[in-house]
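Trainee: Dock chains H and P against chain B, hints included.
Chain by chain, the residues run as shown.
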Amino acid sequence: MFDFLEGYDVLGAFWTTVQLTLLSAVGSLIWGTLLAAMRVSPVPLMRGFGTAYVNIVRNIPLTVIIVFTSIGLADIFRVTLGAADDFEALSFRLSILGFVAYTAAFVCEAIRSGINTVPVGQAEAARAIGLSFTQVLWLIVLPQAFRSVIGPLANVLIALTKNTTVAAAIGVAEAATLMKEMIENEAQTLAIGAVFAFGFVVLTLPTGLFLGWLSKRLAVKR
Amino acid sequence: MKLRKVTAAAAAALVLSLTATACGSDDDDSDAGSGSTAGGGDTIKIGIKYDQPGLGLKEPNGYSGFDVDVATYVAKELGYDADQIEWVETKSADRESALARGDVKFIAATYSITEERQEKVDFAGPYLLAHQDLLTKTDSDITEATDLNGKRLCSVTGSTSAQNIKDEIAPDAQLREYGTYSECIAGLQSGAVDAVTTDDSILAGYAAQEQYKGQFKLAGLKLSNENYGIGVKKGDTETVNNINTALEKMVSDGAWDTAVKDNFGPADYKNEPAPKIGDIVS
Amino acid sequence: MSSVLYDAPGPRAKRRNIILSVVFFALLALLAWWIYRALDDKGQLEWALWEPFTESEAWTTYLLPGLGNTLKAAGLSMIIALPLGAFFGIARMSDHRWVRIPAGAVVEFFRAIPVLLLMLFANEFYARSTDVSTDDRPLYAVVTGLVLYNASVLAEIVRAGILALPKGQTEAAQAIGLRKGQTMTNVLLPQAVTAMLPAIVSQLVVIVKDTALGGVMIGFTELLNSRGTLAAFYATVIPSFIVVAIMYIILNFILTSFASWLEGRLRRSKRSTGAVLGAEDVEELNAAEIGGAYGSGASA
Numbered sequence: 001m002f003d004f005l006e007g008y009d010v011l012g013a014f015w016t017t018v019q020l021t022l023l024s025a026v027g028s029l030i031w032g033t034l035l036a037a038m039r040v041s042p043v044p045l046m047r048g049f050g051t052a053y054v055n056i057v058r059n060i061p062l063t064v065i066i067v068f069t070s071i072g073l074a075d076i077f078r079v080t081l082g083a084a085d086d087f088e089a090l091s092f093r094l095s096i097l098g099f100v101a102y103t104a105a106f107v108c109e110a111i112r113s114g115i116n117t118v119p120v121g122q123a124e125a126a127r128a129i130g131l132s133f134t135q136v137l138w139l140i141v142l143p144q145a146f147r148s149v150i151g152p153l154a155n156v157l158i159a160l161t162k163n164t165t166v167a168a169a170i171g172v173a174e175a176a177t178l179m180k181e182m183i184e185n186e187a188q189t190l191a192i193g194a195v196f197a198f199g200f201v202v203l204t205l206p207t208g209l210f211l212g213w214l215s216k217r218l219a220v221k222r
Numbered sequence: 001m002k003l004r005k006v007t008a009a010a011a012a013a014l015v016l017s018l019t020a021t022a023c024g025s026d027d028d029d030s031d032a033g034s035g036s037t038a039g040g041g042d043t044i045k046i047g048i049k050y051d052q053p054g055l056g057l058k059e060p061n062g063y064s065g066f067d068v069d070v071a072t073y074v075a076k077e078l079g080y081d082a083d084q085i086e087w088v089e090t091k092s093a094d095r096e097s098a099l100a101r102g103d104v105k106f107i108a109a110t111y112s113i114t115e116e117r118q119e120k121v122d123f124a125g126p127y128l129l130a131h132q133d134l135l136t137k138t139d140s141d142i143t144e145a146t147d148l149n150g151k152r153l154c155s156v157t158g159s160t161s162a163q164n165i166k167d168e169i170a171p172d173a174q175l176r177e178y179g180t181y182s183e184c185i186a187g188l189q190s191g192a193v194d195a196v197t198t199d200d201s202i203l204a205g206y207a208a209q210e211q212y213k214g215q216f217k218l219a220g221l222k223l224s225n226e227n228y229g230i231g232v233k234k235g236d237t238e239t240v241n242n243i244n245t246a247l248e249k250m251v252s253d254g255a256w257d258t259a260v261k262d263n264f265g266p267a268d269y270k271n272e273p274a275p276k277i278g279d280i281v282s
Numbered sequence: 001m002s003s004v005l006y007d008a009p010g011p012r013a014k015r016r017n018i019i020l021s022v023v024f025f026a027l028l029a030l031l032a033w034w035i036y037r038a039l040d041d042k043g044q045l046e047w048a049l050w051e052p053f054t055e056s057e058a059w060t061t062y063l064l065p066g067l068g069n070t071l072k073a074a075g076l077s078m079i080i081a082l083p084l085g086a087f088f089g090i091a092r093m094s095d096h097r098w099v100r101i102p103a104g105a106v107v108e109f110f111r112a113i114p115v116l117l118l119m120l121f122a123n124e125f126y127a128r129s130t131d132v133s134t135d136d137r138p139l140y141a142v143v144t145g146l147v148l149y150n151a152s153v154l155a156e157i158v159r160a161g162i163l164a165l166p167k168g169q170t171e172a173a174q175a176i177g178l179r180k181g182q183t184m185t186n187v188l189l190p191q192a193v194t195a196m197l198p199a200i201v202s203q204l205v206v207i208v209k210d211t212a213l214g215g216v217m218i219g220f221t222e223l224l225n226s227r228g229t230l231a232a233f234y235a236t237v238i239p240s241f242i243v244v245a246i247m248y249i250i251l252n253f254i255l256t257s258f259a260s261w262l263e264g265r266l267r268r269s270k271r272s273t274g275a276v277l278g279a280e281d282v283e284e285l286n287a288a289e290i291g292g293a294y295g296s297g298a299s300a
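Protein chains in written order, with our numbering: chain B, 1 to 222; chain H, 1 to 282; chain P, 1 to 300.
To be clear, the hints were calculated from the coordinates, so they are not data collected in a lab. Since the model is a prediction, treat every value here as computed from it, not as a measurement. One should not assume that every hint holds.
List time: in silico SDA-like cross-link candidates among lysine to any residue, alpha-carbon distance up to 20 Å [as the list claims (entries may be wrong)]:
no., chain 1, residue 1, chain 2, residue 2
1, H, K120, H, D236
2, H, K137, P, D41
3, P, K42, B, T80
4, P, K42, B, L73
5, H, K151, B, D86
6, B, K216, P, M93
7, H, K151, B, D85
8, P, K42, H, G191
9, H, K91, H, Q118
10, H, K234, P, E124
11, P, K42, H, T138
12, B, K216, P, I101
13, H, K91, P, L63
14, H, K120, B, E6
15, P, K42, H, Q211
16, P, K42, B, A84
Pulled out of the complex, with its shape left as it was, chain B reads as follows (with noise of 0.2 Å):
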């Protein structure tokens, strides 16, 4: 019955997939930090950008944000990421640039509600005590800020690994790229479809219970 799978790599190609979704995560989880910070720093400008930012990218469809890391950022501004020469790794590296640019988006405002659950006390201690904003935010704050968003964040993550399919749109070697060869191949849409659909649920229903279950036992106490 799953003969049409013979020949082709898809354990390789859902490690792409992996691959794709570990870096992006990694990347979006600082970016999104940032622009959480921005978005409560006390520069109006900065304010104004993260807002603006968040407001902007969360909008678009992920397509859009991909296919423009290619023909816009890679073919018209040259932005090359140290691989003008090789398109495999180009796209590679352009997919996850895309992904962290979209998911930070939806990070920054999982954290901003983070901060927003850390009691006012907490900080107006902090301040009592004369640290700084930056201080205030990474020593005080960000931290409970944290552990109070893992199951949002488990949610971010899980969306971006079956996100990280749109990378087909640019090519990238990935479980949606061979999912369709194969159907150009085999002629058989809902067969090969039913095989990739298990594969991402084999790939995302541990890490949600993982972290659901992480989120339970980190939860602040009050």
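Mentor: Just chains H and P, lined up with the frame of chain B:
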């Protein structure tokens, strides 16, 4: 209190919309031309591409392209006038399923006949013999497949042409893949890639477009054989035979040549002569 | 303007903020100039590429029908997914095992499958087991895929909102003799939904954007799919992406503005349940009062 009003309104809207759509679907169940082959007041549904200049393109005033012309001619022979045709967009991944479900009577959408596909659908034709080829800028020095290694190419993600390049023709070429050929052509124009590769008929369609006239040329390499057939639901031999008769007539009365000239002419496309029905070049 | 995260700026801090602002502004301006130059350099600002968007034909043939379908699919999905999500969220907290476990399984399962594939399967399902006409089927399939996925995510948001409510709410409701169902529908759900509105709105934005997946495989002619057809006909690739991106931004902006207006109305009489930190726009986000934590609408 307020919230309850909102939920109530939402629920009401839900019920309304559900009933509305339910009623709506009742009165228009015109099935994929599954009615009699003899026309009358019936319509026929035909699957084409919407975004392929020269083959199947949706325009403000209708549809154009070689596939569209062939399909219109065939439909006429089957007893349907042009205004009885309902065009349906069939994406590549959806072609076999659309036929199996009976969404469309037949599909003329750059549909190459392959063994795997023949297991799922029946093919009439072929009606055009295309080859994988290269489209370059007019001043390009790429003339042979061996020139390709080390060059920057572009094709559509997962397409047969892209796989051919990677596996056989030029494994050392840099291949970029996009969702549609339009993006590749934009890259070719901006100099981001050296050549776009896919069926010469598709490439000719772009080269013949008003906006690109004189900018691109076809290399004329025959890197593969693509036998374009008309896809029909598995087992519908009657329709296959009717379409084959129509295609033969189209070639013999010169309409086929006119269609090729009209759609690919400006691209300096050297088409193969009309293929004989059932004659699949492998 | 003042925030609990930093003191009101004194003269030195003011100067530093101004310098930071100037530097930041200069960087942004530089970026804008670079974008303009690169676009100009590659001929992307030529009028011929943008002219199609001034013609009414481009709008009536491609963009407006596409936009219409996007709105139709997104609207239907929202109307169905919202109550369904609330239902599953509540079911997952039921005291009965036989309700809780299936509901949890459904939510986890549909959250894990890519929406694109859900749409593909739904399309096949409708073709095999219903007599939905072939013209309507792509819409049905798109809406089904979006509803299954987004109702699952909304269920989680609603559940998080209810769990984060102070225990006193349930206890007070029980004390005045409300039954379990009454407590849920009259006390907990309204508060949870109001509190989680920002998260719910992000998820609605995701619905609008995800309608675009319908054009990838099952031939639903929504906005992004129509863009492809338009780009092929007018041979204008990058400008078409920019125009469509702007249309999505405006569309979602209208949606979020409407939602925050609604939120303001719903919240007006409500007393806050506890003070929390926040930037100058706490108002916009103070879902956080109740663990707005579970905020971020993930996207697919």
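Trainee: For the pair we were handed, K42(P) and T80(B), check the Cα-Cα distance against 20 Å.
Mentor: 16 Å, holds
Trainee: Please work out if K91(H) and Q118(H) have their alpha carbons no farther apart than 20 Å.
Mentor: With a Cα-Cα distance of about 18 Å, the restraint between K91(H) and Q118(H) holds, given a limit of 20 Å.
Trainee: For a C-alpha distance cap of 20 Å, please report whether K42(P) and A84(B) respect it.
Mentor: Roughly 18 Å separates the two Cα atoms, so the pair holds.
Trainee: Within 20 Å, alpha carbon to alpha carbon, are K216(B) and I101(P)?
Mentor: 19 Å, holds
Trainee: What's the verdict on K120(H) and E6(B), does the C-alpha distance respect the 20 Å limit or exceed it?
Mentor: 19 Å, holds
Trainee: Could you grab the alpha-carbon distance between K42(P) and L73(B) and see if it respects the 20 Å cut-off?
Mentor: 12 Å, holds
Trainee: Please work out if K151(H) and D86(B) have their alpha carbons no farther apart than 20 Å.
Mentor: 11 Å, holds
Trainee: K216(B) and M93(P) were given as a pair; does the straight-line alpha-carbon distance stay at or below 20 Å?
Mentor: At roughly 16 Å apart (the allowed maximum being 20 Å), M93(P) and K216(B) satisfy the hint.
Trainee: For the pair supplied as a hint, K234(H) and E124(P), confirm whether the alpha-carbon distance does not exceed 20 Å.
Mentor: 17 Å, holds
Trainee: Please work out if K42(P) and G191(H) have their alpha carbons no farther apart than 20 Å.
Mentor: The given pair, whose Cα atoms are some 9 Å apart, holds under the 20 Å limit.
Trainee: Quickly compare the C-alpha distance for K42(P) and Q211(H) to 20 Å and report which way the hint goes.
Mentor: 16 Å, holds
Trainee: Given the hint that K137(H) pairs with D41(P), test it: the Cα-Cα distance must not exceed 20 Å.
Mentor: 19 Å, holds
In this structure, none of the earlier numbered hints is contradicted; all agree with it.
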